[in-house]
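**Student:** Start from chain A and add chain B according to the hints.
There are 2 protein chains.
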Amino acid sequence: MKRVKWEATTSIRRTVEEGTEQDAQSVRMIIADVRKRGDDALFDYTKKWDGADLESLRVTPDEMADAVKSLDPVLLKDLQEAADNIRAFHTLQLREDIHMPLQGDSYLGYRFLPMDAAGLYVPGGTAAYPSSVLMNAIPAKVAGVKKLVITTPPSRNGKIPAGVLAAASIAGVDEIYKVGGAQAIAALAYGTESVPQVDKITGPGNRFVALAKREVFGQVSIDSIAGPSEVAILADESAYADEIAADMLAQAEHDVLACAILITTSEELAAKVEDEIERQLKVLPREQIARAAIEQFGAIYLTESMEEAVEAVNQLAPEHLEILTENAEAVSANIRHAGAIFIGRYSSEPIGDYFAGTNHVLPTNSTARFSSGLSVEDFQKKTSVVYYTKELWQENYPKVARLARMEQLEGHARAVEIRNK
Amino acid sequence: MKRVKWEATTSIRRTVEEGTEQDAQSVRMIIADVRKRGDDALFDYTKKWDGADLESLRVTPDEMADAVKSLDPVLLKDLQEAADNIRAFHTLQLREDIHMPLQGDSYLGYRFLPMDAAGLYVPGGTAAYPSSVLMNAIPAKVAGVKKLVITTPPSRNGKIPAGVLAAASIAGVDEIYKVGGAQAIAALAYGTESVPQVDKITGPGNRFVALAKREVFGQVSIDSIAGPSEVAILADESAYADEIAADMLAQAEHDVLACAILITTSEELAAKVEDEIERQLKVLPREQIARAAIEQFGAIYLTESMEEAVEAVNQLAPEHLEILTENAEAVSANIRHAGAIFIGRYSSEPIGDYFAGTNHVLPTNSTARFSSGLSVEDFQKKTSVVYYTKELWQENYPKVARLARMEQLEGHARAVEIRNK
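Quick mapping for you: the protein sequence lines, in order, are chains A and B. In terms of our numbering, the first sequence opens at residue -7 and continues consecutively. In terms of our numbering, the second sequence opens at residue -7 and continues consecutively.
For reference, chain A alone in the conformation it holds in the complex (with noise of 0.2 Å):
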């Protein structure tokens, strides 16, 4: 792991993992193979790339029953805990539908309305979380989707881990079926005779998803293309190294290209923190995972002040900020680019992961610099209504007619005009 005196010109942007050109290739051939063969390819990928011999791609509510049961029941509390949680939290980001009066009755509107269908996909393996499926399928339900579908790889044994089909029916998933990869997108993007055609694809994958995510892109609506995991630690002297080594380890333990790194004004817990990060990498279960990201991605950036600080943070405009400081939601008013911040020291991250209500499907790779987590909007599009009586069409068409004039679009003045009679 780095230690860097950061300044101005320090340039600590994540860029897009872009997946090299031959990737896109294999990635188009996918998408066209599912397009013209339908099911048959979905099979076919499954059994080469998941090693599962598939009768059948959509789970049954036997599996779905089965499943349940099998879990321990303390866990599907905290899950459904969690769920309500997550409910609650995106069920506030519902809108009103918008109503602006003009003269007389005249008025504009602006409509918000469900997508039909949605597509949410779910890694598979080792990433096959539970949590996941809640943070997916709830703001999609919240939102007011019909059908809800999640595309998910089985493993060899053909089966979906208990945990997400169990989440998945306390979300409320109307269907699920057993594919993954770019031929899971394509299903999705333009339908097989299994999987029906979506209007909206969420949900994070490896890079073959988020190619085949940019490709099916206009189509279909994505959510923005996800990255490795990161956080970034915003802390000065008053924070806990050994809580901030933590959190950057729940981070490293994702994957070895996740990205830890804190942000200090404190050469002393910088020094404090390297320590503790050594020491609780010795007894990690997944050190192999953690170490590799940590020594390629982990970094700490020393600051002169908390002012050059927060700028290095709304540089990086990390997808987790975590802010261990003196008067730490007054520092977060200074945050510009963030997917999601976390205040003080019983904020730690996986809450957020997990249990607050928040959502964990943030932007990476520096995108929080234009885009956001999955949210209710998502899942909804907004329709614009124009009325106007007569009376306001008469004291305005001469002013259209004039406009579309200046645009040399006689038609569109013509047709304003045409209701003088």
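For the record, the hints were derived by calculation from the structure and aren't laboratory data. Mixed in with the good hints there might be a few duds.
Which copy? The list can't say, so a pair holds if one copy fits it or any two copies do.
To be verified - In silico DSS-like links for lysine-lysine, alpha-carbon gap of 27 Å or less:
hint: 1; residue 1: 39; residue 2: 382
hint: 2; residue 1: 391; residue 2: 69
hint: 3; residue 1: 413; residue 2: 264
hint: 4; residue 1: 40; residue 2: 151
hint: 5; residue 1: 40; residue 2: 391
**Tutor:** Chain B in isolation, oriented as in the chain A frame:
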């Protein structure tokens, strides 16, 4: 123009115009070239495709001032009033931050923050529309974007239309650059010596612009890919054929690919509209364009009932929808998918194009199924906030630890437990 009896099986959904793989290849080459050679590449392409041999890319304050002076004061006043209307409606879209109090001082928050910089693409030639400048720029400024940049291709003499510059000055645009096409999108996404890198690119363009936006998606945020403009008119026997024909031609004159569709329960009205379109086409300055559009993409769908007609509209998900029926407002309540709805005969669609205050950058090609017109939110992002007190952490960290261990993320569990000192 075809006349078809609509049935539930009739597919009238438009699909995204993909552009050929060859187009995509050349767009990728242009982007790579701009990243490599910066301004030099921009000057070269502008000379090659726009025929303009520029010495500087940026529009000067003098050019701006001259443009405003040169404009008919009546038009200037019309543009200012349109801008006021657009500003008023978009200001209503601004949201209050969300504060969700939890136990004690704990809370969850949701902050709406503007992007730092945005780039607005304005098409050139006959499509250099002052109205588009207002529609793109004002939402960004209302959102609080500090640096707002326009790129637009110059004419052969190196000039930008006075109306575009005047609209930019009314809307408070900060910088304008004389560059168009895929090279402009590349410059905004990656920055050059002259053109600043932005966080979001919006605005309509030809298929090369659309392909370029898809390519840079992820590096920056983009609005939905805009296709040829469309209007659908839902009408019964109470509507006026000449007004419907005029509104259909107002769309058709945009572009030979533009689409104008009448969906009606009245065979009599259908026949009258066909006659009126022919009558009005003969005397329309842009007859050639409009006739080509009407012949290729004009259509009248006859339905048995208003319910069927509404179903047809929802399947089409049109960019613009006019409702010219009895109880038009009640009918509009059943529309699930449309970019913008215009209610009643005095709400002719051009009123929304220029003046009413709603946005005219709207989802085309049936993408209103999942996307929305340009809005203030397109220039903001959301940051969630978690603040847990010691008490709330104490009560909940064991649940978080259990959920983390279910996902084999021991480091996550330890991060919340280590606070227990």
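**Student:** How would you classify residue 39 and residue 382 at a CA-CA limit of 27 Å: within, between, both, or neither?
**Tutor:** neither (65 Å within a copy, 49 Å between copies)
**Student:** Between the shortest in-copy and the shortest cross-copy C-alpha distance, which are at most 27 Å for residue 40 and residue 391: within, between, both, or neither?
**Tutor:** Classified as neither: same-chain Cα gap 64 Å, cross-chain 38 Å, threshold 27 Å.
**Student:** Check residue 40 against residue 151 for me: Cα-Cα at most 27 Å, and say if that holds within a copy, between copies, both or neither.
**Tutor:** Close inside one copy (16 Å), not across copies (58 Å); limit 27 Å.
**Student:** At most 27 Å between C-alpha atoms: does residue 413 with residue 264 qualify within a copy, between copies, both, or neither?
**Tutor:** between (83 Å within a copy, 18 Å between copies)
**Student:** Please sort residue 391 with residue 69 into within, between, both or neither, judging by C-alpha distance up to 27 Å.
**Tutor:** The answer is between: 9 Å across copies meets 27 Å, while 63 Å in one copy does not.
In this structure, the hints that do not hold are numbers 1, 5, in rising order.
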